[in-house]
Structure formats: structure tokens, C-alpha cells
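Peer 1: What follows is each chain in one-letter form.
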Amino acid sequence: MLRLEDVTVRFGGLTALKDVSFAMGAGEILGLVGPNGAGKTTLFNTISGLVRPKTGRILFAEREIGRLPLHARARLGLGRTFQIPQPMHHLTVRENLTVAQVFGAGKADTARVDEILEVMELGQHAERNAATELALQELKRLEIAKALATNPKLLLLDEVLAGLESNAKRRFVDKLRELHERYKLAIVIVEHDIETISTLCSRAVVLNFGQMIADGTPAEVFRNPAVVESYTGAADA
Amino acid sequence: MLELLQQSLFSGLLVGSVYALVALGIALTFGAMKIINLAHGELVLLAAYMAYVIESRTGWNPYAAIPLAFALTGIVSVVIYLLIERIREHRELNSLILTFAIGIILTNAILLVFASDVRSTGSPFLQDAVSFGPVYAMKGEITAFIISLAVMAGLWWWLKNSWYGRAVRAVSSNRDAAKLMGIDPRRVELAAFIVAGILASVAGVALYTMSVVQPALGPGLTIKAFIVAVLAGVGSIPGVFCAALLLGVTEAMTVTLASSALQELVGMVLFLLVLFFMPNGLFGARARRG
Chain X
98 MLRLEDVTVR FGGLTALKDV SFAMGAGEIL GLVGPNGAGK TTLFNTISGL VRPKTGRILF
158 AEREIGRLPL HARARLGLGR TFQIPQPMHH LTVRENLTVA QVFGAGKADT ARVDEILEVM
218 ELGQHAERNA ATELALQELK RLEIAKALAT NPKLLLLDEV LAGLESNAKR RFVDKLRELH
278 ERYKLAIVIV EHDIETISTL CSRAVVLNFG QMIADGTPAE VFRNPAVVES YTGAADA
Chain W
15 MLELLQQSLF SGLLVGSVYA LVALGIALTF GAMKIINLAH GELVLLAAYM AYVIESRTGW
75 NPYAAIPLAF ALTGIVSVVI YLLIERIREH RELNSLILTF AIGIILTNAI LLVFASDVRS
135 TGSPFLQDAV SFGPVYAMKG EITAFIISLA VMAGLWWWLK NSWYGRAVRA VSSNRDAAKL
195 MGIDPRRVEL AAFIVAGILA SVAGVALYTM SVVQPALGPG LTIKAFIVAV LAGVGSIPGV
255 FCAALLLGVT EAMTVTLASS ALQELVGMVL FLLVLFFMPN GLFGARARRG
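Quick mapping for you: the protein sequence lines, in order, are chains X and W.
Per our numbering, residue 98 is the first one in the first sequence, and the count goes up by one each step.
Per our numbering, residue 15 is the first one in the second sequence, and the count goes up by one each step.
Derived by calculation from the structure, the hints in this document are not laboratory data.
Every residue gets a Cβ at the ideal spot worked out from N, C-alpha and C, and that includes glycine.
Each hint can be trusted.
These stretches of chain W come out as covered by chain X in the derived footprint (C-beta under 8 Å, 3 or more residues):
{"no.": "1", "segment": "176-183"}
{"no.": "2", "segment": "186-198"}
Reference excerpt, derived from the structure (chain X facing chain W, CB under 7 Å, subset only):
{"no.": "3", "residue": "Leu167"}
{"no.": "4", "residue": "Arg172"}
{"no.": "5", "residue": "Val196"}
{"no.": "6", "residue": "Gly201"}
{"no.": "7", "residue": "Thr247"}
Chain W on its own, in the form it takes in the complex (with noise of 0.2 Å):
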């Protein structure tokens, strides 16, 4: 029983990784422009399905494909903001129905395209099981969570060190300040989106190479997503990975000790808990003064 709970614990840390991916694209895109990008978990299942094209095609390794994933995900991910930024009244609303109409769309694009059939990596280096003491897990799964701790490394970096980066964080905490620091808000938004794109596309060729992916995966996708960055809290990338790392952790021993019926029901249950019991997150900012 305990090798299968370390087990748990351990592909449950690896999945984790790829949710807190798809988690900081979400949470990006919300704290510049304050809107639900419904249409994320699209944007990497478009992204996934490019991992297969370039597989299937040409024999390449899946990673190959980030950056034909990226040049999809990048434009869709611009024509997403322009639309966005069309909306005048009740611009988070409005948004929300509009992003959810933009996943619906691209979910039956990727079925017209590729039919329904489920679809994942067949690298045999990358299927190929390696063990780490009493655990096993793909070389898929490794190398993915390797790239999604170095993306969130870059994000870090980005946010932390370039002006853009910083713009985005001064956009997040007070727009109207920002403004009369003369930031454009609207390249910072567009900015935001791009590296939201960036970060959908390497998520959704990680989920290609460690699960299995078909064309109604999105929503789930994007579901996850909120959920991490509820529980993480706002303006946090350490919080969205170890919220991610916690809900990748909590369906895996759900699946362990319970039944796989109960896994999406678990993490819901962990969005009740924290939006009642810790509305600011577990990893959110406290109250401020002044």
C-alpha cells in the first residue's frame, strides 16, 4: 500500500506540473486584463494536436512541434485580444461568453480535423519507463516536468527582470496607476497573451508525450486551470505550481485510495474549501495596508 501511495504521490507531482502550465496562462491573461480566458484549454489541446501532426508526419519527436504549436497558438491567441479588446461594456462578462463561444468553436474545429479518436505519443523513448528508487514513471513524464519547471523558470525570469515583464506586474496591481506611468495597457495586455500562447503551446506538447489527448479535453483543461489559480491565489507563480503540484497530487491518491469516478470531483471540492474557508488563496496576497 505505501509503494502505491508514493507512487500516487509521485505521478500525481508530475501531472501537477503541466496543470500549474496551463494554470499561469490563465492567471497571466487575468491579471493584466482582468478577464477568464474560457478558451485556454483549447489553446493547448491545439497545441497538443500539433505535437501529433509533427509526430505522426514526420517521425519527429513531439517537442519538435512547439514551434508550429506556438505560431497557431500566437495567432488565435491575438485574434482572442482583439476581439476582447472590442468589448466596451461589461468587458468581464462579456469576455467570459465570448471565450467560451471561441472554445466551443476551436473544439469542433480540432474534431473536423482530426475526428474524435483519442490520440497520444508513440515515441518509444518517450513511453520507455525509468524508475527512481521505489517509483516508476514515462521519460514523458520526466521530460515534461523538467520543461515545465524551465518554462515557469523563464516566466519567472521574464515577470521578475525584463520591462514588459514588469509592466505586466505594474498593469496587474493598478491599472489606472500604471496609465499614469505611461504604460500602454494595451501592448501589455497583447504581451500578456502572447506569452499565455508561449505557455499553452509547450503545455499542451507536454500533455501530448505523458497522457492521452481528444478534442473534448479543453474544458476540462481550462476547469483545472481555474482551479489552481483559485487555490494559488492572485499574483504568485511559486503558489500556481505548488497549487498545481496539490491538485495533481490530491486526484492521484483520490484515484489510489477512492475510485478514478471521484478524481474531477476532487478538485472541485478543493475550489469549495479554499473559495470558503481561504477566499485569498492558499498562496494569495494577505490584506494590505494603506
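For reference, chain X alone in the conformation it holds in the complex (with noise of 0.2 Å):
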């Protein structure tokens, strides 16, 4: 599904990323962790198209899109999130989520709008202008409507439940569990939460200083002494 072979970013003087690879399958859910700092936004940032990479490759579905520009990346089923949402305030929910179809996935579905607005509990909220009267967690919710209407095959989710309250936290990833079977998806999910990575992802990659420092179950990452330095700054701690 997704291939990354020795990808390098670098802005300026600063490499960001330094030979990141790893490879994933279809259906996967990947939880991708590290302390602030340590690329994984602009990892997505790079998968999703927003950052050229300076050397290596992104294979997706066999086909390299390290030089698609971010729309051609959308309509081959890539979908993203991002931390911050970001509707299109000057439409409706609806509407993101029909030009997010049309555009997306090249074709207008009514009924599988229907189907999403449903499925991320925003039907009440369908004729709402999108950024004015919306809550966070709809707002989160909108975010990854938006992603499921393009037809995803791999969803990129960048700290989704980031300011969400425990209980709601909950909610979420079991909802994000239901669309990983409803729909079929990769999932990449980027989150600091361990016990999240740890429920929700079958594997675990860790990048601290822009390098991939382990990759493995979750259980296995949490207890290799690299990444308990990455958190705490010392092996033993």
C-alpha cells in the first residue's frame, strides 16, 4: 500500500527527516510516535504532498508519487487530517464534504454523503456553515468526513484526538476502529498517547530527530530502551 524507501527532507540547513523507510499493507492501522520535534508532521506533511522530499522515494499502490502534486496524491486515495482542522469555512458541512467527492473521488454520491454524515455523527449539523458553527470535536469529526468522501484507501490522521477529554477519547478511536472496517482503510495514525497506539494500531514506528529509531508492535516499541531515551532522555529511566 505505502513504501517509503530512504526519505530525506531537509529545510534549509535543518534535515528534518534523514533516510526514513518503512512499508505498510492495505487494511494496516500504523501508529506513528516520537517527542515534539521529531518529523512526524512533516512526515505526512511529505507522504500527503505538502513537502518535497529531498532525496529518496513514496511508493503508493506500487506507483511513486514522490513528485504528485497534492491533489493527484488525494484523487489516487490518499487522505489526510490535519492537527488543526481545516474546513472550508465558506461552505457548508454538506458541501465540504460533495466538493471533497466530486474532486476527490470524480464523482457526486448523495447517498454516500448521507452515509458519512452518518457515520461521523454530522447529520444534524449537514446545512451548518463548517468553521462558524461547529464545536472541536465536530470540527474533528468533519476533518476526517472530509477525508472518507475523496474515497480513501490510506487515511493519514495527524493527531486527531489531540484536546479531546478521556471518555471522548474513547469514543473516538472506537469510531475510528468502525471506519477501519466499514470502509477498508490503512490507517497512519500520529498520536502521543501510549495507550492509544497501543489498543488501537497492530504496529508501531518511532522517529525521534527526523530518524526512525524502532519499528515494531507497540508493546515491542514502548520497551525498546531507544525510545524510553527519546521520552525521557535516559535508558533507565
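The two chains are supplied separately, each in an independent frame; assemble them into the complex guided by the hints.
Peer 2: Written out as C-alpha cells, the structure reads:
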């Protein structure tokens, strides 16, 4: 589904990602973890097309996408959400989804839009303005709903649980599992909460200072001394 | 005095409708690309001269020039877009310089072809006066007002209901989020420029039928449109319409109550007041949650 080969990203003299390589299969849920500044969002930006890698290759569904613009990657089935929700605020909630569907999936399908609104519990907000009339949780659900409307095969979720209290977070994790099952999605999720990663993901990749320092099951990587050190500053902490 | 004020109010509303068309063209390209097309006034002027050409050469109603005017403004709009699209660094700033230069070139081209003489419609129908109770207007002004309203309604429909209209609103809202939804921003920007060209062509022909045109008019039109766009705030067609009427009425009242020498100044004063006290514009979106 997704394969990164020696991806390096530099901003001027700063190396944000260095030789990052991993692959994931269809239907997999992968957690991307690491301390602040580790390069997680840069990696998302690179996969989705906001940032061009200096070197390395990115393959999606066996196709090299490293030089494709954002909109072309979205049309191939690569969906992405932002840490801070980015609704298209001149549009209603329903229009956000229909525009995403027409331009991302190439067809207007009212039934599918209704289904996504229902699944994401946004049905009662469908005709509301996307930016000014939704609360944070609803905006986060809209962020995922927009990505779903493009009919993605892979969903990149950037700290989608940030700012939610524990009950809301648990419900959101259940929702992500439901989406994974219903739409047969592969998911990469950036998340700081170890418990969430452990319960939701079958695998975790850890970044630190732009380099991949661990790859395995959540239980394995969170026992890894290099990972513990990256979070605490000491291997025996 | 009351009749004079009523007449000023009425005349201001009529001319304001054309200001609205010019301002919507600027607002549309700004929304889609975040650039200010400083040559937009010259596009309007180009269309006005096409109306003059059609009327003087064929004797037809100047409104018959709209297809020809659009063909010309459309081509120039596409050329401007393609030049802006090639700018890689500091597009907002460099596009100002580029479109300012294109405006100068267009003004001088018009001057070269049509000389500096003032032109206006010779149509007896359009110059004929019509009364509405205590106020009067030329039929040309009334026609321009009605056509402006119709075009604005058409633009409203296009933005609200067509896929490209929705895409323009999406790109205006959030360019990166729109790209992630599969929208190719270059196509949307080009569509916005072409629609702005249509607005400029109708505004130019309307201007020719209700006023006088001369080659140096372009920058003044751009400034008025910019003032209207700032007064209105971002993202509101009714807001642009109301702000344009406000500018038209304020100018007309200034001429009646003070002096015609202050007509251009009053728009700038309004502009500064709104920037100082209501930076989101009179009708712009308030601070957003989330």
C-alpha cells in the first residue's frame, strides 16, 4: 500500500527527516510516534505532498508519488487530516463533503455523503457553516469526513485525538475502528498517547530527530530502550 | 434641497451597481489566488472601448459588444493569469508589480488606438431620461443597474451551485485543504480569472452606456473596486453589493452637499475608517471558532 525508501527532507541547513524507510500493507493501522519535533508531521506533509523530499522514494499502491502534486495524490486515494481542523469555511458541512467527493473521488454520490454524515455523527449539522457553527469535536469529525468523501485507501490522521478528554477520546478510538472495518482503510495515526497506540494499532513506528528509531508492535517499541530514552532522556528512566 | 438629496441617493445607487461588478471581479481573483489584479480597471476600460467600437462602427446597441468585449478581456485575463502563475517567489507582492505594469501597458495601448478623447454612448434610447416620482435617470443608467443585478445574481448562483463555483469557495477558504480534497487549484484560479473577465466586460459596457470613458480611467476604477472590496470584507457578494452602493451614494452626496473636488477623496476616507475601526469590513466574517 505505502512504501517509503530512504526519504530525506531538509529545510535549508536543517535535516527534518533522514533516510526514513518503512512499508505498510492494505488494512493495517500504524501508529507514528515520537517526541515533539521528531518529524512526524513533516513525514505526513511529505507523504501527502505538502513537502517535497530531497532524496528517496515514496510509493503508494505501487506507484511513485514523490513528484505528484497534492490534489493528484488525493485522487489516487491518499486522505489526510490536519492536527488543527481545516474546514473549508465558506462552505456548509455537506458542501465540504460533496466538493471533496466530486473532485477527490470523481463523482457525486449523495447516498454516500449521507452515509458519511451519519457515520461521523454530523447529520444534524449538515447544512450548518463548517467553521463558525461547529464545536471542536465536530470539527475533528468533519476533518475525517472530508477525507472519507474522497474515497481514500489510506488515511493519514495527524493528532486527531488531541484536545479530547478521556471519554471522548475512547469514543473516537472506537469510531476509528469502525471506519477501519467499514471502509477497509489503511490508517497511519500520529498520537502521543501510548495507551491509544497500544489499543488501536497493530504496529508502531517511532521517530526521533527525524530518524526512525524503532518499528514493531506497540508492546515491542514501547519497551525499546532507544524509544524510552527519546521520551525521557535516559535509557533507565 | 430634499429633492436634490433624493436625486443624489438615486444616482449613487445606480452608479454603485457598476462599482459592485468591478469590485466582484477583483474580489473573485483575490479569493481564489490571494493576489490583487491591479489591471482589472483597465480590463473594464477595454470592454468599454469595445462598446464604443461596436456602437460607432455598426450603430448597434452598445450591449451587443459584450461577446466581443468578453473575448478580448478573456484573452487578456488568461494571459495575466499565465504570467502570475509563473511567479514562484513572493507571489502576492510580485503579482502587484506585474499587474500594475500590465495596467500601464493596457492604458497606453488604449491611448494609442483611441486617442485621449472622452467617449460616451450616442444612443438616443440610452440617453433618454425616465422619471421615478421626484427622481430622474437616463435609461442607460437603469439598464446598467438591471443588468448589473442580473449578472450578480448569476455569479451568486454559479458560486453556490456549480462545482467550479464551490471549488472557488473551497480554495478561497483553505487552499491546502482544498488540494487535499482533490481540487486542482490552477484550474480553479483560471476559472476565477475568466469569470472576473466576464464581470469586467459587462461592467465596462455598462459604464460606457451611463457615463463617459477615457483612457486614464482604469486606475481609478481599480482603486474604487479595491475600496469596495475592503468595505465589504472577504467572502460576501451581498456585502460587495451593499458596500458598492454605499460608495456610490457617498460620492454622489459629497458632490451635492460639498464639492465635486472631494468626490474621490471621500472613498479613501471611508476606506481608512473601515480599516481602522472594522478591519474585517462592514460585512466580512467575524472571528471564527476552531
